[in-house]
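Asker: These are the residues of each chain, in order.
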Amino acid sequence: MNKFLAVVKHEYRKVVLKWSFLIGTLLMPFIAILISLVPLIIFSIKSGPTRIAVADQTGNVLARLQKNLSAERMMEKAKAATSEQFKNIPASQQDKMRNNAAQFIQDFVIEPVATTGKSESELRSQVLEQINRGELDAYLIIPSDIEDPNAKFEFRSRKGSDFISNDTFTDALNDAVRSQRLSDAHIDEAKLASLNERINLDSKGLDESGVEKDNSAVFAASFAIGLMIYVTLAIYGQAIMGAVVEEKETRIAEILFSSARPFELMMGKLVGVGLAGLTQFSIWLGTAVTVITVAAFQTDLGSILGSLPAISPLMIALFLGFFLVGFFLYASIFALIGSMVTTVQEGGQFAFPPILIMLAAFYFCFAVIRDPNSSLSFWVSIAPFMAPITMPVRILAEMPPYWQIGLSFLTNIAAIAALVWFASRVYRVGMLMYGKRATIPEMLKWIRQA
Amino acid sequence: MSDTVSAEVTIRASNVTKRFSDFTAVEDLSFDVRAGRVFGFLGPNGAGKTTTIRMIVGITAPDQGTVELNGERISYRLQNRIGYLPEERGLYKKMRIVDQLRYFAALKGVGTAEADKRIDEWLGRMQLSEWKRKRTTDLSKGMQQKIQFIATVLHDPEVLILDEPFSGLDPINVEFLMDVIDEYKTADKTIIFSTHLMETAERLCKDIILINKARKVLGGSLREIKESYGKNLVALRGSNFGPLLGDRTLVSKVVSNADDIEVQLANGVSSGILLKKLVDAGSSLTKFEEIEPSLNDIFIERVKGTDE
Numbered sequence: 001m002n003k004f005l006a007v008v009k010h011e012y013r014k015v016v017l018k019w020s021f022l023i024g025t026l027l028m029p030f031i032a033i034l035i036s037l038v039p040l041i042i043f044s045i046k047s048g049p050t051r052i053a054v055a056d057q058t059g060n061v062l063a064r065l066q067k068n069l070s071a072e073r074m075m076e077k078a079k080a081a082t083s084e085q086f087k088n089i090p091a092s093q094q095d096k097m098r099n100n101a102a103q104f105i106q107d108f109v110i111e112p113v114a115t116t117g118k119s120e121s122e123l124r125s126q127v128l129e130q131i132n133r134g135e136l137d138a139y140l141i142i143p144s145d146i147e148d149p150n151a152k153f154e155f156r157s158r159k160g161s162d163f164i165s166n167d168t169f170t171d172a173l174n175d176a177v178r179s180q181r182l183s184d185a186h187i188d189e190a191k192l193a194s195l196n197e198r199i200n201l202d203s204k205g206l207d208e209s210g211v212e213k214d215n216s217a218v219f220a221a222s223f224a225i226g227l228m229i230y231v232t233l234a235i236y237g238q239a240i241m242g243a244v245v246e247e248k249e250t251r252i253a254e255i256l257f258s259s260a261r262p263f264e265l266m267m268g269k270l271v272g273v274g275l276a277g278l279t280q281f282s283i284w285l286g287t288a289v290t291v292i293t294v295a296a297f298q299t300d301l302g303s304i305l306g307s308l309p310a311i312s313p314l315m316i317a318l319f320l321g322f323f324l325v326g327f328f329l330y331a332s333i334f335a336l337i338g339s340m341v342t343t344v345q346e347g348g349q350f351a352f353p354p355i356l357i358m359l360a361a362f363y364f365c366f367a368v369i370r371d372p373n374s375s376l377s378f379w380v381s382i383a384p385f386m387a388p389i390t391m392p393v394r395i396l397a398e399m400p401p402y403w404q405i406g407l408s409f410l411t412n413i414a415a416i417a418a419l420v421w422f423a424s425r426v427y428r429v430g431m432l433m434y435g436k437r438a439t440i441p442e443m444l445k446w447i448r449q450a
Numbered sequence: 001m002s003d004t005v006s007a008e009v010t011i012r013a014s015n016v017t018k019r020f021s022d023f024t025a026v027e028d029l030s031f032d033v034r035a036g037r038v039f040g041f042l043g044p045n046g047a048g049k050t051t052t053i054r055m056i057v058g059i060t061a062p063d064q065g066t067v068e069l070n071g072e073r074i075s076y077r078l079q080n081r082i083g084y085l086p087e088e089r090g091l092y093k094k095m096r097i098v099d100q101l102r103y104f105a106a107l108k109g110v111g112t113a114e115a116d117k118r119i120d121e122w123l124g125r126m127q128l129s130e131w132k133r134k135r136t137t138d139l140s141k142g143m144q145q146k147i148q149f150i151a152t153v154l155h156d157p158e159v160l161i162l163d164e165p166f167s168g169l170d171p172i173n174v175e176f177l178m179d180v181i182d183e184y185k186t187a188d189k190t191i192i193f194s195t196h197l198m199e200t201a202e203r204l205c206k207d208i209i210l211i212n213k214a215r216k217v218l219g220g221s222l223r224e225i226k227e228s229y230g231k232n233l234v235a236l237r238g239s240n241f242g243p244l245l246g247d248r249t250l251v252s253k254v255v256s257n258a259d260d261i262e263v264q265l266a267n268g269v270s271s272g273i274l275l276k277k278l279v280d281a282g283s284s285l286t287k288f289e290e291i292e293p294s295l296n297d298i299f300i301e302r303v304k305g306t307d308e
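Line by line, the protein sequences are chains H and F. Per my numbering, the very first residue in the first sequence carries number 1; after that it's consecutive. Per my numbering, the very first residue in the second sequence carries number 1; after that it's consecutive.
Derived from the structure by calculation, the hints contain no laboratory data. It is possible that some hints are incorrect.
[As the list claims (entries may be wrong)] Non-contacting residues of chain F with respect to chain H, defined by C-beta distances greater than 12 Å in every case (computed):
1. Thr60
2. Arg73
3. Gln79
4. Lys94
5. Ala113
6. Gly124
7. Gln148
8. Val180
9. Glu199
10. Arg248
11. Val251
12. Ser256
13. Val279
14. Gly282
[What the hints assert, rightly or not] Taking lysine-lysine and the DSS-like style, the derived pairs with C-alpha atoms no more than 27 Å apart in a straight line are:
15. Lys277(F) with Lys9(H)
16. Lys304(F) with Lys287(F)
17. Lys253(F) with Lys18(H)
18. Lys436(H) with Lys141(F)
19. Lys134(F) with Lys436(H)
20. Lys18(H) with Lys206(F)
Each residue gets a CB set at the ideal place from its N, CA and C atoms; glycine is no exception.
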């Protein structure tokens, strides 16, 4: 027992005291936040205002275009574009959003060009001259016959690749022309807008007790937990394989086997690395829960975050439980592979099938999130090798009956027992076989002999 | 010199056989190892040395026969009393020396405080103290081998098994390690030393066993073995030997060395007879010495004998 604990301690320290572990554990949350913030930051960096000469041959569109490009109008559009759940946010939050959104609004300086008595080509050469002198960035010539669907609007810009500005400008122009056409046809714009309004479908899921949940938040959280388990299992499984191959490659195994039982050594390794993984997983989960809770109380984001599914201590315990089950399943496979091969590279090829199963389980998560109560969701959350990834997702999407959770644990623990039995037999022979990779028939023979 | 075997038997192998699916690695092997004496476990590569050692260490179990330590059958419970330096050996590449040594000590049941004390002691003795916090990759190969030796003896085992301990070491470190092994050898320690290098075996071992092709070829006290092989080689220096050395009833083989002549006596001829005949023939002798066969000669002769 003391030797077993010595192995556990050794393996735990070996993983946890590495820089990569510290960086992975502490920086991962920061990196995740950073990654989500970077696009915001980049897009909030404004380029200078775009100076556009507009030659309006109708005389009516220019005013509408200027109005559409005004800050208030752009704010309204930005608001309309944001997702449905932002509709119900409190007023103070709206102010904040307005300020933020204002940073995204591109500045346009419109320079009206007098059109009376000038032909199109005269107008063009006039504005081109100004652009060449650097006084303007772009020009727009609005044709006089805007009712004609084939009417040609001519827009040329030095900043042709500034897609944000271009999109904004195109939208504003489209709206301006459309409303001018409507007004020319004597149709009330407000009336049309109200007739055109999309219906407001109030879509929310119900859980067993009839409490409403917001589906998109559930989707995000379930996806996150599935991904977190999948990534940790893959990383730690391969870490086990690397450690086993190292001991075999350096022949340390010979010294270890002269000091302790192979079973103690293998289990000590699995438990030690498993605890290291559990440490990291707990820190991540703990950080996520803390951040969400603190944020919910301290900031106005409360109402958004409130729509996230409530994570109870029971759920956290179940997540950790399924993580451990998954770890032992995959780690014993990886330990087995490690003891069969001679180099890490060789192990990499054999690691492909288990990784594929993990990946399949991860993809099944989408089906589980869509319908947590389908028979497919039931089977993939009970099946060995799949359940450690799919069951936590299902629990978060909608708590299944307890007997199903129990059954899932049972089938997977049975699978672990079988695998550990199998792996420890291969391990004790494989670790002392040097020079060549073991074949499957050889492996089966070791198991029979052991 | 009385060399009768007196010390008590610590390790006893009785009729040990170990088979792998298609071949027999060790067949019906029996030997005794005595405390306080270095036991040489000799044989060409592939003779079954490592397999036998693994059975003594408890890594594998014999298919037939028994291996006992002080009358108790080898099992995991006895592993703490044995120190094993394998032929193929290594260290964790990226781990500090002190951490690896602590781990190996813990696996042999030595507590951290005691282990730390012994680690400092041994590192000092091996002149490696300043390397304590370095990683394996910073050490030269010779240093790594010294560390491996320390890992083998940290738990102060009563049986020390060294499989080719000098392979890859430079002569200075071979000398150094031999001295350390010599110091370790006290009345209550048993050292099993496996090698295919006969010169080192000759220098270190009191008892030997020679195996070839899974079977025992020869065994017992080195002195007795040599004596039983000796007495038919004589080294000569001088002049006026006349036709005597050409007489095949007297001398079966003559080898001229740089500064002497080595002759092998014919069957039934003792060195005394040769000396008398030489003196009678009026030869002038500056050297006449009975020489022992080297272990290397015995090894080659016996291994060739069993190979044929």
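Asker: None of the hints should be skipped; say for each whether it holds.
Answerer: These are the hints, each one checked on the structure:
{"no.": "1", "hint": "Thr60", "in the structure": "violated (8 Å)"}
{"no.": "2", "hint": "Arg73", "in the structure": "holds (16 Å)"}
{"no.": "3", "hint": "Gln79", "in the structure": "violated (6 Å)"}
{"no.": "4", "hint": "Lys94", "in the structure": "violated (9 Å)"}
{"no.": "5", "hint": "Ala113", "in the structure": "holds (14 Å)"}
{"no.": "6", "hint": "Gly124", "in the structure": "holds (23 Å)"}
{"no.": "7", "hint": "Gln148", "in the structure": "violated (8 Å)"}
{"no.": "8", "hint": "Val180", "in the structure": "holds (19 Å)"}
{"no.": "9", "hint": "Glu199", "in the structure": "holds (26 Å)"}
{"no.": "10", "hint": "Arg248", "in the structure": "holds (50 Å)"}
{"no.": "11", "hint": "Val251", "in the structure": "holds (49 Å)"}
{"no.": "12", "hint": "Ser256", "in the structure": "holds (45 Å)"}
{"no.": "13", "hint": "Val279", "in the structure": "holds (60 Å)"}
{"no.": "14", "hint": "Gly282", "in the structure": "holds (64 Å)"}
{"no.": "15", "hint": "Lys277(F) with Lys9(H)", "in the structure": "violated (77 Å)"}
{"no.": "16", "hint": "Lys304(F) with Lys287(F)", "in the structure": "violated (32 Å)"}
{"no.": "17", "hint": "Lys253(F) with Lys18(H)", "in the structure": "violated (68 Å)"}
{"no.": "18", "hint": "Lys436(H) with Lys141(F)", "in the structure": "holds (25 Å)"}
{"no.": "19", "hint": "Lys134(F) with Lys436(H)", "in the structure": "violated (32 Å)"}
{"no.": "20", "hint": "Lys18(H) with Lys206(F)", "in the structure": "violated (48 Å)"}
Taken one by one, the earlier hints fail for this structure at numbers 1, 3, 4, 7, 15, 16, 17, 19 and 20, listed in ascending order.
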